Amino acid sequence: MKTAQQILACMLFVALAIEEGWSNEVSPTPEPFFCHSCNSFTNPDCETITDDRYKVQCSANQTICRKVEQHMYYNKDDHVRVFRQCATRGTPGGCDSRTGTYRFKTWYCHCQGSLCNGSNSLLASVMLTVTLICASLGLRKCL
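Going left to right, the sequence shown walks through residues -23 to -1, 1 to 120 as mature numbering (1 follows the signal peptide of the UniProt record, and there is no 0) numbers them.
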């Protein structure tokens, strides 16, 4: 009877060890995730990335890349700023727009996959931007 109790206790211990993840298996190391990270205000070539100069490894909780494009009017002139970065939130494959004060508009585009926030990868967001600018300025000014 005592042997049956010992066997039952050992089986319970093994079941708990498996449940808690105590095993000899080594969990695989996740692949590193990279995005472009830059700001066109300080680095004008951030607007059109053609190489991996701004490649950064994202932290473990940053699983998507982001491109932010701001169109603003100040000092009697139109300005465009582009930010590229790692992100923790956003809907990959889509762009959200936000409108601020007078002639200020921002687009937030998210994508999933290493270095997906480069210039070529987000061509669709550029096409959307041009379309929205034409719509906001009036089609005649773009043609």
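Don't take each hint at face value.
Computed list of lysine to aspartate or glutamate pairs in DMTMM-like fashion (alpha-carbon distance at most 20 Å, straight line) [to be verified]:
| no. | residue 1 | residue 2 |
| --- | --- | --- |
| 1 | 82 | 24 |
| 2 | 32 | 55 |
| 3 | 32 | 8 |
| 4 | 53 | 22 |
| 5 | 32 | 22 |
Note that these hints are calculated values from the structure, not bench results.
Computed from a predicted model, the values in this text were never measured in an experiment.
Right, here's what the structure says about each hint:
no.	hint	result
1	82 <-> 24	holds (16 Å)
2	32 <-> 55	violated (29 Å)
3	32 <-> 8	holds (15 Å)
4	53 <-> 22	violated (24 Å)
5	32 <-> 22	holds (14 Å)
Violated hints, in rising order: 2, 4; the structure is consistent with all others.
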